[in-house]
Amino acid sequence: MKRTLIALGTLVLATNVPAAGGDDPVLAKVMIDRFERQHTGGDDPLMLEADVWIGRDLHKLWFKTEVERVGGETEEAEIQALYSRAIAPYWDLQVGWRHDAMPKPERDWLAIGFNGLAPYWFEVDAAAFVGGNGQVAARFTGEYEWLFTQKLVLSPELEVNLHGKDDRATGVGSGLSDLELGLRLRYEIVREFAPYIGINWTKKFGDTADFARDHGEDTSDAQVVVGFRAWF
Amino acid sequence: MSRISLPHPGAFSPSRRRFVTGLAAGGALLGLGINPATGRAAATPPGRQQVLSGTRFDLTYSPTPINLTGAERQATAINGTVPAPVLRWREGDTVTLKVTNHLAEDASIHWHGLILPSSQDGVPHISDGFEGIPPGESFTYQFPVKQSGTYWYHSHSGFHEQTGSYGAIIIDPAGPEPFACDRDYALVLSDWSDEDPNHIYATLKKLSHYYNFRERTIFDALAEIREKGWAGYRAERDMWDTMRMSDRDISDVTGYTYTFLMNGVTPAEGWKGLFRRGERVRLRIINAAAMTFFDLRIPGLEMTVVAADGQNIEPVTVDELRLGVAETYDVIVRPQDDRPYTVFAQAIDRSGYARGTLTPDLALAGEVPEMDPAPILTHGDMGMDMAAMGHAGHDMGANDSADGGMPAMDHSGHDMGGMDHSGHDMGGMEARPAIGSGTAGYGSSRPVVHADTEYGPHIDMRADAPQYRLDDPGVGLRDNGRRVLTYADLFNIGATPDPREPGREIDLHLTGNMSRYMWSMDGIKFADAEPLGLKFGERVRINLINDTMMNHPIHLHGMWSDLETGDPGRIPRKHTVIVQPGARISYLVTADAMGGWAYHCHLLYHMPGMFRKVVVS
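As you go down the protein sequences, you meet chains H and R in turn. Under this note's numbering, the first residue of the first sequence carries the number 1, and numbering increases by one thereafter. Under this note's numbering, the first residue of the second sequence carries the number 1, and numbering increases by one thereafter.
Because the hints were derived from the structure by calculation, they are not lab data. Remember, predicted model here, so these are calculated numbers, not experimental data. There is no bait here: all hints are sound.
Here are some of the chain R residues that sit facing chain H, going by a computed Cβ distance under 7 Å: (1) ALA202; (2) ILE218; (3) ASP241; (4) THR242; (5) LYS525.
Don't be surprised by glycine CBs; every beta carbon is placed ideally from N, CA and C.
Build the full structure now, drawing on both the sequences and the hints.
So, in structure tokens, the structure goes:
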């Protein structure tokens, strides 16, 4: 992943717009949405949520990743590689492959989703996944931004995960599996770099909650988070 | 400033470096001062603008160090200066210009607003037989000068224009000028960024509002709720929120990265031009910016506008005027007091300004006024004026007068010499057709139709009820208590050169997707578009409909854009026409120039997509 990021970064810096007729150069963007320490009182998890895209105005390759490390161990790691095609002024259709490297056992999925900006300025990423073991899943994330000033931005976020059936090995149950609510206040020192503080609340439901209890884990958790957002 | 070695040191001498240093020492402040009595520069100005006159010119592109912000950058300078030297020609001469390229990339020069053969127009791959000037090579332009007035020249290659490749052209008429003046200054307005223009373009594609630091905050919202109540606030906001557009979106690139220049001089330093009390001073104002519209005024002085885009017009006296990118206006001012006057050119989004001083004494500088509040777009700017909505879909021409938006005779708020001419036929006013009635001089009566190509992910809006808004000074200038020039004030000083009715009409919609930063015409970008064909000799009307929320300055090469401002007998000619957001405008073109021509939005970062090749055959 690191190597990929470096390679893509080099490409971004090398990007030059051709002189004539080059209205649509190949560009790349690396977006670290969240890189944060979550303060829980115990082992404080480290969270990374990042996107990378490369492509042109209407067609892009899009990579998404989410990694959570606790006490030096990677507890969750997911990567998606998607073809992203603009289908409406504010919407991209994204189709591809999702790989869950952690927790074990690994899971692979076909992914199809919509990424874009809904009316009233809600940033939305809604996707459905079909797993190799016949599992189906859905995920919805929404985000909004309130500007206190041009640089101080309060951003509420919501993520919901649903699954078609129980998968005891990875600890997910059918139906509404988990929900995450966040509220982050960032200060954009420059557009590209913004440290933030926030609160994050997660809750597991149904069988997912039961599996968590079986492992002696909490089914709901509130954390203070400190991190930064960066892109180039 | 440390010396940077150049690939061709011969093209560059240390003495010239002074010209491109934004923070040069005093004594180098005086601008171009031309004595109209001789028609030539009174003396070699010690300031930044070299003046080259005659019929043979050597112009050389070199990467040239420049420091306008405290950081040294490379300009794509012509003859080592930013702006490039003023070229002074005489109507009737044939000029020969050898342009040598010492840059690492292809270069070109386009003579903006000049009527000349396509092969001399300088647009690579568009002008007949011209493929640009490769590194290390020269190209010699030669053409007869068939016009007089104020024009300019600039690169048409890559984004060189952003990095300093522009300069003024002054053409003295073969006969006498219709107005007298004692001094004559060219004012070249521009925008400089320390960023690589390719990086600016890429940044806009990644985050289109990157440079806009005037977005709505929750405090703006709270203030509006207090003022209008929740229902009123929601009614105002709904359109913007459902369209996902910002009413604070005025300029794509702003003072966040730009330093605005007047004759290459920063606002901190300020350009200076001398006058003696009572003199008539002619200012040839040229907007040579890459992306910035300027609103220019000289507090304490009224300006008599005598020419638009180089062409003489019926003089009209105003307090302020807006210059779209690539437009030029000639104004005459007559300072009556022995005091400095500030020439104040605010960027349209009020994120900065260019500044100069007209002064009787170089030691004096004028007081700098506060900038106006940042403009906020209205529903009308989106072509969705509620008053007009009811009429949408049928006869728009009738709407215009019904809404009181337009009629050619409505010069409300303007009390100007130039309007006197209309006094003689005041009685017949109601008999005069309204704008949008279809006959030459009045614009099109055709309904506005959006093509199928205007639907898709590359288009974020279509104006439902685009209006002719000739007498609208534009967002940020309305009802500001000053007399502001509008297109409705422009009338040719002589008879319309080609009084024919148009044989046909061409509708062109200016289109785009702001957030994806894609620009096109009729939803088709240049790379995918067929050339637009004109028949040699025909008189055609072009109707431009702006389906975006940006002002677009549209420039047709090689032929005049005869702007329909409401008097068929005196149609003014322009080379660049602002199409306001959500508005429409019409002009007539006589296709009297054979060959290939560029036709495009002159905002540098819109140009790659919002561009057409025009072929006259």
